Amino acid sequence: MNTLSFDVAHMLAGGMLLVSFMMIYQTRLYALLNVFALHAMVLALSVAWQASIQHAPHLYVTAGIALFFKAILIPGALHKIVQRMGIHRQVEQVVGTGATMLAGMGLVALSSVLMLNLTATASAFAREDMAFALSVVLLGLLMMISRRNAVSQVVGFMSLENGLILAAAGAQGMPLVVEISVAFSVLVAFIVIGVFLFRIRERFDSVDLSVMDDYRGEKR
Amino acid sequence: MSLPFNPVDLILGIPAITALVLFVLPGYRLTSWLNVAASLVTFLAAMTLFFIDRPVPTNYFLVDELNIVFIVLNTFVGFTAAYFSASYIAHELEIGRLTPVYLRFYHAMYQTMMFGMNLVLVTNNIGLMWVAIELATLSTVLMVGIYRTPEALEAAWKYFILGSVGIALALFGTILVYLAAEPVLGEGQAAMVFTRLLPNAAEFDPKILNLAFVFLLLGYGTKVGLVPLHAWLPDAHAEGPTPISAVLSGLLLNVALYAVLRFKMLMTANADTLAPGPLMVVMGLVSLLFAAIMLYRRRDIKRLFAYSSIEHMGIIVFAFGMGGPLANFAGLLHMVMHSLTKSAIFFSVGHIAQIKGSQKTAEIRGLTHSHPVLGWALVIGVLAIAGLPPFGVFMSEFLVVSSTFQRAPALALLFVTGLLLAFGALLMRLTGFAFGEPTGSTKPAHASLVPLYIHMGLVLLAGIYLPGPMVAWFQAVAKLLG
Amino acid sequence: MSAVDLVLTGALLLMALGLSSILFAARPMGSTIVYASAGVLSALVALVGLATLVAGAGAGMNVGASTLWLPIGLPWIGAHFRVDALAAFFVIVVGFGSSIISFYSIGYGRHEHEPWRVLPFYPSFIGAMLLVVIADDAFSFLLSWEVMSLLSWALVLTHHRESAVRSSGLVYLIMAAFGTMSLILAFGLLAGPLGAYDFQSMRASGQTPLVGSVVVILMLLGAGSKAGIVPLHIWLPLAHPAAPSHVSAMMSGIMTKVAIYGFIRVTFDLLGGTSWWMSEIVLAVGAVTAVMGVLYALMQHDLKRLLAYHTVENIGIIFIGLGLAMAFRHYDMNAAAALAMVAALFHIFNHSVFKNLLFLGAGAVQTATGSRDMEKMGGLIHRMPVTSLLFLVASVAISALPPFNGFVSEWLTFQAILLSPDLPDWGLKILTPGVGGMLALAAALAAACFVKVYGVVFLGRARSEVAKTAREVDRWSLATMSVLALVCLLAGVFPGVIIDTLSPVSHALVQATMPVQSADPWMTITPVASGRSSYNGVLVLLFVTMSGFFAAWVIHRFASRSLRRAPAWDCGFELDDPSTQYGAASFAQPIRRTFGTKIFSARESVTMPPPGSTAPAKFSVSLRDPVWDGFFARVSGAVTWLADKANRLQFLTIRQYLSVVFAALVLLLLVLTLWK
Amino acid sequence: MIFNLLVQGLQMMLVVAIAPLLVGVIHKMRARLLRKQGAPLLQPYRDLLRLMKKEVVLAHNASWLFRAVPYMVFAATWVAAALIPTFATGLQFSWSADLIAIVALLGSARFFMALAGMDVGTSFGGIGSSREMMIAALAEPAMMLTVFSLALLAGSTQLSTVTHYLAGSNVGLRVSLGMALVALVIVALAENARIPVDNPSTHLELTMVHEAMVLEYSGRHLAMIELASALKLVLYLSLIVSLFIPFGVAGPGDTIAAHLLAVVYYLIKMLGGALALATFEVSIAKMRVFRIPDLLGAALMLSLLGTLLLFVSRSL
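Chains as they are written, first to last, in the working numbering: chain D, 1355 to 1574; chain P, 123 to 604; chain F, 117 to 792; chain Z, 143 to 458.
Mixed in with the good hints, there may be bad ones.
Claimed, not checked - Over 12 Å on every C-beta distance to chain P, these chain D residues come out as not near it, computed from the model:
#1 N1388
#2 Y1414
#3 G1418
#4 K1434
#5 G1450
#6 R1481
#7 A1504
#8 F1511
#9 Q1526
As the list claims (entries may be wrong) - Calculated lysine to aspartate or glutamate pairs in the EDC-like style (CA-CA distance at most 20 Å, straight line):
#10 Z/K178 <-> Z/E423
#11 P/K482 <-> F/D760
#12 F/K714 <-> Z/D436
#13 F/K492 <-> F/D418
#14 F/K584 <-> F/E720
#15 F/K734 <-> F/D538
Think of the hints as simulated: they come from the structure by calculation, not from any bench.
Only a predicted model underlies this, so the values are computations on that prediction, with no experimental measurement involved.
Just so it is clear, CB atoms sit at the ideal spot from N, CA and C, and this is done for glycine as well.
Take the sequences, apply the hints, and build the full model.
Below, the structure is given as structure tokens:
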């Protein structure tokens, strides 16, 4: 086992986790989008590193997609949307940042315990990566449920997908089909989200999801 | 027997090509009939699977006992729902709820969805399966939101978000399965192919498999509509066009269930894993009981039956979770019967809602008086879905309950409680719908009831007589499921 | 063709008749055709059953069971059908009762406004009941059972526009589903883990006493709820009055018997052994049912509801007999078990006859007056002389008074109770005298209740305009009711014939028979031994008639025969307002005060007008149903409460739903972490 | 056979013949105990004859049932009374109805009597029927349980067998028998409309039960009913004496002389019974109607206790 390659991969994955925490910590939309771009960038780096150590050139494509779409295109687009729609710049939180951070810590602990204990036969390499990936996934989910407005929920969802890609890249020799599908789905997801945001803009003054609750079919 | 073509190609190819064609074709009459025709041909192609020699499983496609049942059911209900849709959508166009543009989109999406679901069923690759489910989900999301009312958009949005999270979890589970298989089967495709995974499952790391199954169960379970992952389901059923409700309940849930079953087989093949049974039993029971309770406060007829779908998915998952030849057989039978019955119910509900101009339960009364044929059809459908003989659901519920009681009395009692609660709620509503003084519009229904009759006829037949070959088939599948 | 072929054919023909009647139900002659064919078919089926039993009695008590297997129903089991002694007896009960009711309906059915809501279901309902009786595997049995419930539910909803009818139907079908679920559980236990659902293998596989006891309890819940044992009876007084009268008669007089058939089939035939305390439970349930049923009945003023409660009472009496038979069988006292069993079976037959007659009579009254409220009737004996005479016969019969049939079966039950001191079980020793007392109490209260029914409905003065102008019903109705009344009398006068016919059944179930009665002189019946007890219906009837006529003749011949009509005396008060008569509520007042204060929380309140006002004082009675309040209302309250609480989950935001998903995920991961 | 038939016939005639006399005796004794002169002993016979000869005045509204009931009631009571082994157990037809059937026959009679009370549609008729049935509803189970005790002791419900058994020497004193006796006496009082349950000689609307039922009857109908009531009194009294003082009853094989002696014994016993009844009646007040259930409930409990003791003691 090449210790250097392992350490670098470890550092990059750990970096993603760190950035995830940074995202949870953000209270302003623009800052959130920027941190998300950073998240995607670290992901791209991590995937590229995996490509080099696994000698899997197709992973470079994935890294490129991550860099291009998630680090540049999407944050940029979201910036535009926030600007054009005059969305409130503050991230509306359900629970305080501190509590969310604590919960995040717990999730990281949980995923570490799970992955490190369970996957004994897999390479230590994959194990480390998977533990971080699971943490990122869980943190993404946590972000989705602890934020009220739609943009930060979308960001949470995408960071969740970043975790998935990290996991997929970490799995040795996983065929290209997964990467492509992830990219594909993110694309489609984004389009659909865009469509919805547009429509929701048509009908609502805010993309705060709680506003839509009034339109539930069965009135309380 | 061999055919000049591969049915699998047709099953996938026809919907895909038709979808492309429908995107560009104008005119709703033509498109709707093309939709029906394509669905019929797909169904016929699926039927040939019974008669041909099994194609050798490739890295991507697989046809075995288990999925033939699903494929045939899927394409059949796809066809009848398309037929129903043709008459239903015409009326929607008349009253202006839909415009021709959206209608074109609708039919294209219908075939896209069929393509996605068929792909889930015939694929041999867990990655491809994941992609296909994603595709089917996205296309249905768009269909649910097609009316663009605030309620419809909200339902679609909810469906989309919850579905995406579910699908993300499923992907993580898929990756974990690969991770478990990779040390045994080596890197690359092999570690993602069911036919390779299954024989070697015993050597996989059981702990990774456990974790993977948790993610897969939650991920695909979201699509199945298991409580507490069900939240999208009632709204999606209620706010979308009724043919889509029928397809959702009758097909999409089954398709997701099929995915869960595939992975369950993987789990059971490895002796050291956490048994998947108890997990499924618990989720099934929770779904059953919760949905049964929720039925009581429903004031929207389609949401009512959506919750009933959750309830039945709970029953099916419970049955498969219990395992054993009887319960598995019952689970399969119940799944088929539920598909047929529930879609038939949605067919009649669609017409009823169109006549009354409302989906509110309070505004639908005395149907057996004002619309005898439609009303009695609804009565029969609801009685069938509530598990009364001589319909097929009764047989499967009989088998589940009677085979469970000796093995796990407490579970069986809870299960029965759930069934009774659901029964009470459905019957309470049914009494309101079908009897009493009619309210609202009593103009006659110009509905095509053929799909309804076909479905109910099959369900009735199955309740009394199951053909021998079909039984043998189901038994083989039940054995396969362990 | 063997018996089972014939009965099955009959049942299927009846169902086909029902189905085809959809086509012509609305035609003027439709109802006549359906009812007449149904009557003929069920009569033929009853004859098949009778022939089977009689042949069996002739051939050393062994009814050769004829069986049939069809490749339908549950795959790998198929549908088994079988006519043995027990089935044959119930085929007679179902077939005979249905045929009489069908012929009655030729006249009665003409009053139906929407015949298409009755005709398709009516013959099919008979067919389903026959199928239940001849089914020989669990699936066919339950399928027919539930179809029977379903069809009767549809019949109950005939007059669906009344909201009370709709809620009755709802309660009925929910209770039916509850019963079916219990039965499925019971059969699940009997079938074992491999799913041997045919009765033959169930018989062969002996069950442990514990399993047997659970099965009996489940059967009590399942079959009992259908038969109407307290406290599962609540649907019965709702559903029976709601249906048209001929359907009420079918449900009360016949369907409850089919439910009892299910209980007998499982407990006596399929089940190897039970724990000793099972018979005590059955006995206690029977006794409570009998007394509660009649007390409920006394509190009613709706004629058909009152009759429905009397069904509950009689079901209790039948269960007392069955409980005794179980106890005797458990301790290998086969002769006594045979007596108890025959008493129960005899009462099943009797009840089906006189309850049908009562419901048909009630139907006639309803046709004539358009009401079921007894407080609006009175004096119908003048307007409907034949109906009133026939109703009187049934009233006497159900009150267990000689010389009619109800007395004989209750007398046999008493005889069985008197054999119970020989039981070695202390619990039973203490229980049975109490049960005997309750049975006597139920019988006496039933007599009181039918004095009330007959006195208020047929005697006295008309309480309303409709009662004053009521007209006698049509000939079909009268003729069929007369047949039933005649059977009541004949079965009471020649009970030996019926007991002998029932012997093959008791032989099959408890491996013993009662002494052959036809050997006794003068048609006497001696249940155990001639020194112990005997009863002779013929002589009693003859003596009473002779002494009555003798007395009348002597007086008319030697004393006086003059008669003068005059206003009633009534201690000098003038008769004016018919409402000064004793009505249903006032008649029951002493009994209500005696029993009802505790059981029904009966409260009487008088509202006096203010001083100086000439407004009438108002008297009102409030009653609470202890079973409903104590159990069913609470269950339904709990469900409502739960539904309200759970319903909040329908109105969460997407974020909250996601939180739930997240929680589920974390929970499962935690489980995985902690899993060893 | 022939002899048994004769005994049966004699018995049948005897009970009818002495029934009015018994009433007369009781009336006379009550009067004497109240220090009054009282009517002659044979007065009831005269009353009956007079009533029979009178014209019947029938309410306009009365139905055929109203006219038939007196004969039916009389016939049922008479048949029941004819089956009580008053002085001999060798009755030809004793097997045609056992004790339970006798109770049921009396039940039939009461059933029709109550119906007749409802027939004309007066409030008094209703009040009488209603109360009568309430009393019967409690008295009948008590009676039945008493029958149980006796039947269990003797191993038979045939009255002749029971009497024969009780007359034998191997019975001894039993607690159950005592309880059964008390219960039976209470039941007999209730069934015959005697004080404290009912007052046969009153026409006060709030106190009467039986008399209210028959208020509309007149002439020969009333005579039949009066005779039937007297007969019923004989029946119950005979039942009590034949069961609890069974000495001197002739068996089936006994001689004619023994039978004649038994008749004398029987008459004496009845006289004693009448005396006891009259004494009891003058020394106690009538109860309120709604206290009656308590009294009858006590009878019910006693008889149940007696039966229970028997059930339990048989295995000892």
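Each hint, compared with the structure:
1. N1388: 23 Å, holds
2. Y1414: Given that every Cβ of chain P is farther than 12 Å from that of D/Y1414, nearest at about 17 Å, it holds.
3. G1418: Label holds. Min Cβ-Cβ 20 Å, cutoff 12 Å.
4. K1434: 21 Å, holds
5. G1450: The claim holds: D/G1450 sits with its nearest Cβ about 23 Å from chain P, beyond 12 Å.
6. R1481: 9 Å, violated
7. A1504: 9 Å, violated
8. F1511: 6 Å, violated
9. Q1526: Non-interface label on D/Q1526 violated, nearest chain P Cβ at 6 Å vs cutoff 12 Å.
10. Z/K178 <-> Z/E423: Holds. Z/K178 to Z/E423 sits at ~15 Å (cutoff 20 Å).
11. P/K482 <-> F/D760: 19 Å, holds
12. F/K714 <-> Z/D436: 14 Å, holds
13. F/K492 <-> F/D418: Measuring from Cα to Cα gives roughly 10 Å; hence the hint holds.
14. F/K584 <-> F/E720: Outside the cut-off at roughly 30 Å; violated.
15. F/K734 <-> F/D538: 56 Å, violated
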